[in-house]
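K.L.:
Protein chains in written order, with the working numbering: chain R, 1 to 346; chain X, 347 to 692; chain C, 693 to 1038; chain B, 1039 to 1384.
Hints should not be assumed to be uniformly reliable.
[Stated by the list, open to error] If the Cβ cut is set under 7 Å, some of the chain R residues that face chain X in the computed set are:
{"#": "1", "residue": "PRO33"}
{"#": "2", "residue": "THR61"}
{"#": "3", "residue": "GLY85"}
{"#": "4", "residue": "ASP303"}
[To be verified] Calculated lysine-lysine pairs in the DSBU-like style (CA-CA distance at most 30 Å, straight line):
{"#": "5", "chain 1": "C", "residue 1": "LYS819", "chain 2": "X", "residue 2": "LYS587"}
{"#": "6", "chain 1": "X", "residue 1": "LYS359", "chain 2": "R", "residue 2": "LYS295"}
{"#": "7", "chain 1": "B", "residue 1": "LYS1051", "chain 2": "C", "residue 2": "LYS987"}
{"#": "8", "chain 1": "X", "residue 1": "LYS587", "chain 2": "X", "residue 2": "LYS473"}
[Claimed, not checked] Reference listing, derived: stretches of chain R covered by chain B, where coverage requires no fewer than 3 residues with Cβ under 8 Å from a Cβ of chain B:
{"#": "9", "stretch": "168 to 175"}
{"#": "10", "stretch": "190 to 196"}
{"#": "11", "stretch": "241 to 251"}
Keep in mind that the hints were calculated from the coordinates and are not lab data. Glycine included, each C-beta is placed from N, C-alpha and C at the ideal position.
Number of protein chains: 4
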Amino acid sequence: MATTSDVRAEFYKRIGMRGMTPLWEVMHALVTPQPAGSCVPALWRYDDVHPHVMEAGDLITAREAERRVLVLENPGLTGQSRITGTLYAGLQLILPGEFAADHRHSQTALRFVLQGGGAYTTVDGEKTLMQPGDFVITPQWAWHAHGNDSMDPMVWLDGLDIPLVQFFDAGFAERPEANTPLPPTRPEGDSLARYGSGLLPVDQSAGGPSSPVFNYPYARTREALETMRRNQAWDPCHGLKMKYVNPLTGDHAMPTMAAFMQLLPRGFDGAVYRSTDAMVYVCVEGSGDSIIDDKVYSWGPRDIFVVPGWCRHQHRVTSGDAVLFSFSDRATQQKLGLWREDRGGT
Amino acid sequence: MATTSDVRAEFYKRIGMRGMTPLWEVMHALVTPQPAGSCVPALWRYDDVHPHVMEAGDLITAREAERRVLVLENPGLTGQSRITGTLYAGLQLILPGEFAADHRHSQTALRFVLQGGGAYTTVDGEKTLMQPGDFVITPQWAWHAHGNDSMDPMVWLDGLDIPLVQFFDAGFAERPEANTPLPPTRPEGDSLARYGSGLLPVDQSAGGPSSPVFNYPYARTREALETMRRNQAWDPCHGLKMKYVNPLTGDHAMPTMAAFMQLLPRGFDGAVYRSTDAMVYVCVEGSGDSIIDDKVYSWGPRDIFVVPGWCRHQHRVTSGDAVLFSFSDRATQQKLGLWREDRGGT
Amino acid sequence: MATTSDVRAEFYKRIGMRGMTPLWEVMHALVTPQPAGSCVPALWRYDDVHPHVMEAGDLITAREAERRVLVLENPGLTGQSRITGTLYAGLQLILPGEFAADHRHSQTALRFVLQGGGAYTTVDGEKTLMQPGDFVITPQWAWHAHGNDSMDPMVWLDGLDIPLVQFFDAGFAERPEANTPLPPTRPEGDSLARYGSGLLPVDQSAGGPSSPVFNYPYARTREALETMRRNQAWDPCHGLKMKYVNPLTGDHAMPTMAAFMQLLPRGFDGAVYRSTDAMVYVCVEGSGDSIIDDKVYSWGPRDIFVVPGWCRHQHRVTSGDAVLFSFSDRATQQKLGLWREDRGGT
Amino acid sequence: MATTSDVRAEFYKRIGMRGMTPLWEVMHALVTPQPAGSCVPALWRYDDVHPHVMEAGDLITAREAERRVLVLENPGLTGQSRITGTLYAGLQLILPGEFAADHRHSQTALRFVLQGGGAYTTVDGEKTLMQPGDFVITPQWAWHAHGNDSMDPMVWLDGLDIPLVQFFDAGFAERPEANTPLPPTRPEGDSLARYGSGLLPVDQSAGGPSSPVFNYPYARTREALETMRRNQAWDPCHGLKMKYVNPLTGDHAMPTMAAFMQLLPRGFDGAVYRSTDAMVYVCVEGSGDSIIDDKVYSWGPRDIFVVPGWCRHQHRVTSGDAVLFSFSDRATQQKLGLWREDRGGT
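Only chain R is shown next, with the shape it has when bound in the complex:
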């Protein structure tokens, strides 16, 4: 006599031939009571990874240099080129004299400068020189190139929404026929002056989804944090945390990703926090510990670490004032009504 499970198995086989499967066998995995992703905490010490980045400089020729990037792969997501479930990050090396020709793609990229000074990025015909701590955007579908006319190698952290665009299967990419830089059409500093001074062109109305400012210099950001700290209104979890915004809208500077800079004062011992967006952190100044799911991760300048989504964590400063840059997919989650945060708790 056929058992229930035999009957069901046979039924599953038959409906499978019709392109159907039984929800009741998988529902518990599809709709979970809490986030249940594979992303795990991770830390890359700059001192550990930097030699490999330099070694890649020998291995990979100038011609290949556009791709001379070491992908930071989350240990919970091996083989997927992801630093979190939705985002990509990599360390890119640009040696003196190199340049990468203009190209564009649906993916939004951010560059956060770790080392060097004097390499440049061009976006839609405007060049910007980059310094450590600068936050640079290459917006989706904007022509962009980069090069290094200085004497020093530059290393930056690349952050892209590659997995996200892949998930939506909506990615396009293009390069011009000739592999030469597009001619500059705007002088250096034009975008920042035009859109980043508290004024906008008189006829400016709506813009695209990305900020028209594409370099947020560290000098300016740092000075703002220093002015604000006199206010002493510190957040118990975040210290003094700011988001980079699009001056045309006040919304996040990029459509898919959010980026942040925060100051944690000497001796800061933060309260527990979690949010649904997994966060990639880069230490810019100072050093400290982050306790993530009860495990301690110690960081100093240029170190990179990941806090998975909905994972309780807290930061404490062990030396100097600490400054942390971070980015996540919060800009997307908020647009979709999915983003949540939770302070303290048990």
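Given chain R, work out where chains X, C and B should sit, using these hints.
P.N.:
Only chains X, C and B this time, still in chain R's reference frame:
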């Protein structure tokens, strides 16, 4: 002597131990010139699948009935419970006398009624009776239940953003302790009258991400299409295509998914079209063919078919006026600046 | 010896020659602790004014008929053609067989039908037949005409932002060279079906400042109120009060004026309320009293009354269910951050 | 036998007793083909008016100093304390050692510093020192005070929306019981750092109708203009014209008024332009002529002039680079859909 590939392999092994991989080996797969997903065209004829749905009624008890759903799985995405790369769909059967208790989750669900009449959905304490062609929303994190007090089985198509919420790893779910329906707090029809009549409550300001109207009855939608057709401004690709909207904002009715209803008049022979969002169609009236990537898919009432993203297709009507319901992740793609469309072309 | 006041007078004279005056002499009148306008409460009983409207029909020929309007002038603002400080209202009579040719102007107009049935308004080439209680918009700078092909005279209340446009000195007006109606370009009912059914055209994005729906029929509004009343969530001041909205945005249906319809149930005895926008009311059904600044104003069907801004008032119903239409400049005041309301209090 | 005009006169008398007047007698004045206001061009040379401002310093005691303002009255609007049809402007003198206690009102005020350096304005407990060319906002209903702890008199131009608030009859004003300054609650520079650096506080969402930045320092604005000029994309009418914006929204910095700063390079000879908003200009640097309705108005540093709405005008520079500050009611007109502009034409 070590070859280049030996050297590189050894390097890859060393950096792998540091949680890094070489971008240059995978970049071509990560950033593609065109969308390159696995979703393929598919068609489920109602006459083929309906017997299995009814058979599930025997196999699965009332207690399990909340999950008595046959998942429509895209042949290019087997084992993933997805009808497109980002969305889930299934056929749900509600037998007379059954009910499913209130629960809520981060996923947004839509219900499109295929067969029956008299089953109900309750959302946040308001009940709505459902008829074929009705488009019903259970918004993210809203308490919802359903039941069938009529004498007829009901079959509806469930559409959810399950893969999307899973991708962002931001899903929560909850059910009340007692497995009993929450008491009704608003009379039937209140939401539609309050938000769907061209007026809004005097003190209404912003709402949540979903439309406060949660049943868009087919009778009303069909009548509107019939009035509009006198205008004769038919779109060569779409006929007369409308999107369901949130009356508080004019934006799509759901934060993650877009839903549409379109009228194709007798003899319509549509032009070629494609967009980056994969589309799930349900035929409501009439019959016709869709040519998808040069292959013909013929459909009639209650048939369900999928057009993958960025896949050229055209519709033609073979009998009567055709009415097609459809849904996709366009609401998300547009928010992220990723959505594109392309008319005609070769 | 010159007194202070002599010295000042001489100074005022000298600066007057330079186009300057002393603020300290007028500041108390310019910046007041509370609103201090000249608008006063007023009531026009339809039975009193209707004979005069009909008499105007004899006095004013068909050729002049476009202007056959009796202006309702606020007793506190005589000679200014204003019903409140910022708005104009008048009673317009359209006799059978008359029509007024297309014209357009910067002023937004609303028409609220009081009597008759069968006259029409055309807006941008679409005609709508009008019935009592219908709320019709002729948006700023939209071509509009009207006529009466029925056997009955029609009387409607015209509401315009004439004083407001005059204040900003930004008014333009235009009529075509030939004094003939523009040809219809859209069938009747197209706008309401296209924009007022909970759906919008698939490619619809932003619109102009006015609602694309230009007739909100009373039958539909009344039915919505009747459905909502089962909810029993009555506001102590307003009963069940709804605002007419633009389905593309959820904002007020007109850029400068707000319009409302409210149901006060049999026996309603409302609480005290005031807001900064002076309100013009029209009784549609039932009868009642409004106590405005301690004085009673009794109204019945088609009566029109004014509640000045920031003036305490309350409504009570004396017969039947009462339905009140109203309009004000709230849409402007809210955009400017000026609007305030105050419930109860002394 | 009674003439038509007798009959009409008698009718007008009868309806007048019912609070009604005939539209056909006044319509031509109410709805005009073009703007038809009373505002006229005007120029106040600083050298002419400054002695009177200083003289007011002797005439008006410190106690009265809050109102020690000479109103700039448009010659077409005498007795109305208006510089344009909708706006107020005045020259305010603050002598060393004076201060004006905190107060607030519905009116939005702007201060544009003409002379001096070292006086301060406080807004909601934050103090800002003011320098020539600084643009300072005291937002509607925000507590604000000012004082002068420096050794120099300060003169600034006050711009307020007094006539506009009066027109809407929606003005409130308040002062604290004790006539003492409110204690500072935020350090100097906090708002500018917090909201004006291209970042926003992480939890910042929507704000009020005014910019949270309340001092836009000239040094910063001027430097931005200088950077932008290298772009050489000069507007033929405006040179390089920027609007002050609210960083939370990208909209004008104030809800009712728009403010602008523009650079006209040496030798600039501008094209004809007009817009519906009457504009108040202040020359900051350089000198030039404005041809307004065919009449020449020559201006130099600190001179103030008015271009009425819809009045053709053009600017030419006669010495140095010219920098012009300006403000108008454009922010309101744009919200209401009333604003128009016109380039060139005859």
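K.L.:
Can the stretch 168 to 175 of chain R be counted as covered by chain B under the rule of three residues or more with Cβ-Cβ separation shorter than 8 Å?
P.N.:
violated (count 0)
K.L.:
Go check the stretch 241 to 251 of chain R versus chain B for me, would you? Three or more residues, Cβ under 8 Å, otherwise it fails.
P.N.:
holds (count 10)
K.L.:
Take the C-alpha atoms of LYS819 (chain C) and LYS587 (chain X), compute the straight-line distance between them, and say whether it is at most 30 Å.
P.N.:
With a Cα-Cα distance of about 23 Å, the restraint between LYS819 (chain C) and LYS587 (chain X) holds, given a limit of 30 Å.
K.L.:
Does the nearest C-beta of chain X fall within a distance shorter than 7 Å of the C-beta of PRO33 (chain R)?
P.N.:
Holds - the Cβ of PRO33 (chain R) comes within 7 Å of chain X, reaching about 5 Å at its closest.
K.L.:
Is the hint on GLY85 (chain R) kept, meaning its closest Cβ partner in chain X is under 7 Å away?
P.N.:
holds, 5 Å
K.L.:
Do three or more residues from the stretch 190 to 196 of chain R put their C-beta atoms closer than 8 Å to C-beta atoms of chain B?
P.N.:
holds (count 5)
K.L.:
Do the numbers back the hint for THR61 (chain R), that is, is its least Cβ distance to chain X under 7 Å?
P.N.:
Violated, because the Cβ-Cβ distance from THR61 (chain R) to chain X comes to roughly 10 Å (cut-off 7 Å).
K.L.:
Grab the minimum C-beta distance from ASP303 (chain R) to chain X and call the hint holds if it beats 7 Å, violated otherwise.
P.N.:
violated, 13 Å
K.L.:
Is it true that the CA of LYS359 (chain X) sits at most 30 Å from the CA of LYS295 (chain R)?
P.N.:
holds, 27 Å
K.L.:
Is it true that the CA of LYS1051 (chain B) sits at most 30 Å from the CA of LYS987 (chain C)?
P.N.:
holds, 27 Å
K.L.:
Would the pair LYS587 (chain X) and LYS473 (chain X) pass a check requiring their Cα atoms to be no farther apart than 30 Å?
P.N.:
The given pair, whose Cα atoms are some 29 Å apart, holds under the 30 Å limit.
Checked against the numbered hints listed earlier, the structure breaks hints 2, 4 and 9; every other hint is satisfied.
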